[in-house]
Amino acid sequence: MGGGGGGGAGAGVRRALIDTAPLRASRPFRRLWAGGTLSALGSQMTLVAVMFQVWGMTHSTTWTGAVALAQAVPLIGLGLFAGAVADRVDRRRFYLVMTAGQAGCAVLLAVQGFLGDVVPVSGVLLLVAAQSCFVAGSGPAAKTFLPALLPREQLAAGLASQRIGWQGAMLVGPALGGLVLGGLGVGACYAVDALSFAGALYGALALPPLAAEGAAPARPGLGGVADGLAFLIRTPVIRGALLTDLAATALSMPMSLFPLVNAERFGGDPRTLGLFLSAVAVGGLVATLFSGTFTRLPRPGLVMLWGAAGWGAALVLFGLSPNRWLGLGCLVLAGAADTVSVVCRSTLVQSRTPNALLGRVGAAEQIVGQAGPDLGNMRGGVVADATSGVVALVSGGLLCLGTVVLVGLVTPGLRRGTAAGTDNGDRGEETDPGRPREAAADA
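Quick note, the working numbering runs 64 ahead of the 1-based positions in the sequence shown.
Please note that the accuracy of each hint is not assured.
[To be verified] Distance windows between CB atoms, simulated: (1) M319 / R298: 30 to 38 Å; (2) V350 / M442: 25 to 33 Å; (3) R480 / G120: 52 to 60 Å; (4) R79 / D181: 52 to 60 Å; (5) G287 / R480: 32 to 40 Å.
Calculated directly from the structure, the hints in this document are not laboratory data. Model, not experiment: these values are computed from the prediction. Using N, Cα and C, we set each Cβ at its ideal position, and we do this for glycine too.
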């Protein structure tokens, strides 16, 4: 009996850990994951290098804030159009062209970095914006890959694997970027990023041709964009998933409030501020390592709602925490809840979107993911200026909780539906007219 109990406990632990079946079963996915993780590491290094260079050239927070603007505006302005293009052409080829464009911009950033202050700060931001234009195209195309490479039952596990690669890059990349900046300068940091795009190209080259299937190609121009928006509007589950993400970001993103809350509640210790930023990432990493606890559940929409609500509740508790260690624990919980929500949202969106619309819906998801945090940090700053950091933090968490509850109540399919599309009553869905499965073969 003891041996059987030990075996059962071991099996339970294995089921709780991240499901690596997609990495084991699909060689194209393994290459895509490895290449994407390497490229994400380089991108995190460039983020540090750009901020460091712009600050050194201007010593102005306005200019460093303009870096985020240069990244966000092209994504928001071009994303839906790029998604429509991805639904008209071979998505693999489109991704390769867009990734090569990003690498070219990284090379130009490296050249100007090695030249010193020859290029003005406006030129640096122009290169950042140009690179973001290519990101606006590569992002929607990349979001179409997993539904083509993996069977539906492995989609959540594949997304969790991608998430842990991204979180690892987010934790290691800035520190590595700082070391390279300190030892070799900004030019070398940009050069490492340019080389890292070889990983993304390596991963994509292993993919088969991936044209949209199951319906007529997207209409060109505004017509294709309008079709994508119409699908989002008339599909309650997808619409509810994106609104839930907006509730967790645009209403309650806390990062801009950390310095003020640290000063108000914890004496302004810079070591505490650093721990605040790390705690959210640690929570996300732990949740991803144990993602088997939620990726195997049959109702990702319901899990997503609980994750988003957990994020809001943890931020409320953080704002009310009487000491820093309890506050850090709340931020770890917030990071874990956010990861649960993000993975389940992507699972729901990618599994419930027809193949022919994946590019446009992926573009909308990318825009929400980019603009939501920026709006949330702005909201927090405005409210904090009028009241206090604690009031801004707690009110944001409560707004998030209330909105998530409202979305769940008015979207029954989000609570009841499975990744396969059975929703027990929510009839706004379109069915996927076809998915290429031959790409899942282990090449």
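Against the structure, the hints come out as follows:
no.	hint	result
1	M319 / R298: 30 to 38 Å	holds (34 Å)
2	V350 / M442: 25 to 33 Å	holds (29 Å)
3	R480 / G120: 52 to 60 Å	holds (54 Å)
4	R79 / D181: 52 to 60 Å	holds (56 Å)
5	G287 / R480: 32 to 40 Å	holds (34 Å)
The structure agrees with every numbered hint stated previously.
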